[in-house]
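Generate coordinates for the entire structure from the input sequences, incorporating the hints supplied.
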Amino acid sequence: MSQHVLSLLVEDRPGLLTRVAGLFARRGFNIESLAVGATEVEGLSRITVVVNVDGLPLEQVTKQLNKLINVIKVVELDAETTVERDHMLIKVRTDAATRSQVLEAVTLFRARVIDVASDALIIEVTGETAKCQAFIKVLEPFGIKELVQSGVLAIGRGSKSITEKVLK
Amino acid sequence: MANEVLTGAQAIVRSLELLGVTDIFGLPGGAILPTYDPLMDSTKIRHILVRHEQGAGHAAEGYASASGKLGVCIATSGPGATNLVTAIADAHMDSVPLLAITGQVNSTSIGTDAFQEADIVGITMPITKHSFLVTKAEDIPAVLASAVLIATTGRPGPVLVDIAKDAQNGKAEFIWPPKIDLPGYKPVTKPHGKQIQAAAQLIKDAKRPVLYVGGGIVRAGAHLELLELAKIIGAPVVTTLMARGAYPDSDEQNLGMPGMHGTVPAVTALQRSDLLITLGARFDDRVTGQVKTFAVGAKVIHVDIDPAEIGKIRFADVPIVGDAKEVITELNTELKADLKGNKPDIAEWWAFLNDLRTRYPLGYTQPDDGKMSPQFVISRIGELSGPEAIFAAGVGQHQMWSAQFIKYERPNSWLNSGGAGTMGYAVPAAMGAKVAQPERLVWAIDGDGCFQMTNQELATCTINNIPIKVAIINNSSLGMVRQWQTLFYNSRYSNTDLNTGTDTIMVPDFVKLAEAYGCLGIRVEKEEDVDAAIKLAMETNDRPVVIDFIVGRDAMVWPMVPAGLSNDAVQFAKDERPVWEEGEEE
Ligand SMILES: Cc1ncc(C[n+]2csc(CCOP(=O)(O)OP(=O)(O)O)c2C)c(N)n1
Ligand SMILES: [Mg+2]
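Line order of the protein sequences matches chains C and A.
Letter by letter, the first sequence follows residues 969 to 1136 in the working numbering.
Letter by letter, the second sequence follows residues 3 to 588 in the working numbering.
Treat each hint with caution, since some may be false.
Distance condition first, Cα-Cα at most 27 Å in a straight line; then the derived DSS-like pairs of lysine-lysine [said to hold, decoys possible]: (1) 1113/C with 1099/C; (2) 196/A with 1035/C; (3) 1041/C with 196/A.
In short, the hints are calculated from the structure, not lab data.
The following block contains the structure:
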């Protein structure tokens, strides 16, 4: 099993997400994470999917995705030419004694505190998956009360755009 | 000039007319009622009122499969729509160009569990090529035009258009032709020149090539190109269940059908081949048997319009994405230039295959119970009807015998439910085929089990003057399942007895049932009466005909590769496997 990041350029149509997610489930592919949002072009959305597959099935996934009428383009983003980011919101238990330690970790990881209560902090962190995971490790001893995260977002380096050719 | 303003319902009818639709099978209900009103006035579209929406779906499939045109069915929301599901799934598996139109509750009520609301777009997502939900009258022309384009181009398939009642009742300017906006839909039809050359090279080098022909050849209408290719290279041809008729059975290069119930020569040819020239076929498990032992010594050229089929089951040494007709045309040009009239020397291969042909011809034995042999009956139907007829089968033993014992000479003459194996396909599919090709003789060769799933369409046939012939191969049982029980469950016949035979309580009596539907009903119990009954059926065209052929229930379909086993384990009769010459056994 290996991890792959697929980027899908799709028409923003009702039921689109069901079609994509249904296809993964139906063909027995595991979704590790999924992130959807609008793009710079009106009517088009971008889905970033992280899947766990072997070489041959990956080809099946992309071919099957390409068959969906509302999917315009599917590209596999390879780590070297891609920038990837995770985004997390973490609610950590703190008290007078631990707060400064937590704040120190926040500074080290270049995270941000976005809400403060007497017994908890909400922290926002962005970065590669590995960094975010390491940050969580550091916070765990204090007590993570809640964790929400986006799926991986990924974009190819350089000036080229996935939407370029499509729009001609 | 200002555009005409039409209701959504009128726009549906007008769009279908402009898209060339001439026949629709359907049944109305609340949510599609607005559309049925202008449909009544259409002089271009004939609507045939079915007795069950599944019948409408299969009729549209039979219409499409017999003619190569789009098939159209229409139903109301909720249960009307869900009754179409089986036929849509069937069309999806067998790549049938099908347009299914369903009414939906008012757009303002969608999501409220309104009366007869069903999320049919959601339900059919896995079994359609695409689907649309229409909530505005002005979207109707573009959606219908897009739906027809998607259903009929690339790899054909079913497209569902679900239209809310208020969209049918709403008004909009009717603009034709509409703008089709499908940026994500670009089927590749033209093959890569390099791949053509690579394929030609493999073909020239092969010692044991086989043309492995699938239903894609029929859908692409590439049978003449295929015939030319076969003649250029002189290779043996096998035609899958979906491809019967894609290559003439009378041609000496045709080894027949491969697969679970394929001929010994066809199964063995694939198994021992060194090059599979795969044309519009998809390595279905019923053809390959156990995949890892399938044709282990063969390289693969795989031609398909659907890129996702290539490499899905079997690695392709030369993958070619494209329309079979275009691909084979280019391949023929390339090969003709290369070979200059010489054929690759595969004499040894032919000697091996011809020996198998003489040793293991298709055959059958007489049933022990003194009843007629089903294979005999089916052979006679084929022989008396000739190659211009159309044969639609149900699913089961009678289907396999029809695939084996009828000689097909042209594409679209053999209709069946191959991928889904849908019992109940035959009668409505034959009805649809007869509507599409009224001048042809159309048979439904059906099982006593299958027939009971959709026989109500005989009413549709009688009332609409669609004189199909139905041959019930009545073995008083769910024969194919019974065969598996005989072979794999110690002859314990759990729930496969149907009691339709003459030595049972005969419920129903198919002759009486036929008569109740206004058909001519005939019962045949003796082989000497078979021809006369078939001829009478062929001469009777003022109403449908149903012949109840009482056949032996213990007849089995041979050859057979038991499910999941290697094709090397092919048996040509019970417990009898082909004998290989010494050293040949793998
Ligand atoms: C809708 C449906 N239900 C169940 C089956 C499983 N099945 C396959 S063949 C068969 C028996 C069909 O019986 P009959 O129509 O009498 O044909 P025979 O095999 O006897 O020729 C059954 C039940 C099926 N293919 N389709
Ligand atoms: Mg039967």
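Does residue 196/A sit within 27 Å of residue 1041/C, going by the straight-line distance between their CA atoms? 24 Å, holds
27 Å Cα cutoff - pair residue 196/A, residue 1035/C: 24 Å, holds
Within 27 Å, alpha carbon to alpha carbon, are residue 1113/C and residue 1099/C? 20 Å, holds
Checked against the numbered hints given earlier, this structure breaks none of them.
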